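S.K.: Let the sequences and hints guide you as you build the complete structure.
Numbering (this note's numbering), first residue to last: 1346 to 1485.
Note that these hints are calculated values from the structure, not bench results. As the structure is a prediction and not an experimental result, all values here were calculated from the model. Mixed in with the good hints there might be a few duds.
Quick list of in silico lysine-lysine cross-link-like pairs, DSSO-like style, CA-CA up to 27 Å [claimed, not checked]: (1) K1438 with K1478; (2) K1459 with K1478; (3) K1459 with K1471.
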Amino acid sequence: ARFKGVEVEAEYAVGGLFVRANGSTAEGTNEVTGAPLSTIAADEIDVTVGYVFSDLGMTWGYRAEVVGAQDEVPTPTLFTPGYTTHNLFGSWKPQDGPFAGLEVRVNVDNLSDKVYRRHLVSAAFKDPGRTFKVSLARTF
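M.R.: Take a look at the structure:
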């Protein structure tokens, strides 16, 4: 098999505002048959924009995940359409007071409740719809 690809990531921050972007693309070919490999992830671009409220110990943000269709597959039945998900996140981590050492994280993934399937997952399984997550961590 022959593989080639690239991944690029960049981040910029000014004051409390931050922006991150990364993208990846890969190709894989069976050197005997010349057919594309079915185990190569689809092309993807992720963009995150957020703001850190350092005096409050809070961070809030938005993340878009844009995934292209994976049509470079050995048979048409392995084709996976592209999709975009929109996600919100936040965290609170106070530095002093009675809650110092505590971290609360909240996420809303797939805000638009899009039905989609990641390329390397069986066609019988779709990714979950809108998902709400809350986690608590305590540092001692």
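S.K.: Is K1459 within 27 Å of K1471, Cα to Cα?
M.R.: 10 Å, holds
S.K.: Quickly compare the C-alpha distance for K1459 and K1478 to 27 Å and report which way the hint goes.
M.R.: Measuring from Cα to Cα gives roughly 17 Å; hence the hint holds.
S.K.: Given the hint that K1438 pairs with K1478, test it: the Cα-Cα distance must not exceed 27 Å.
M.R.: 17 Å, holds
Hint compliance for this structure: every hint is met.
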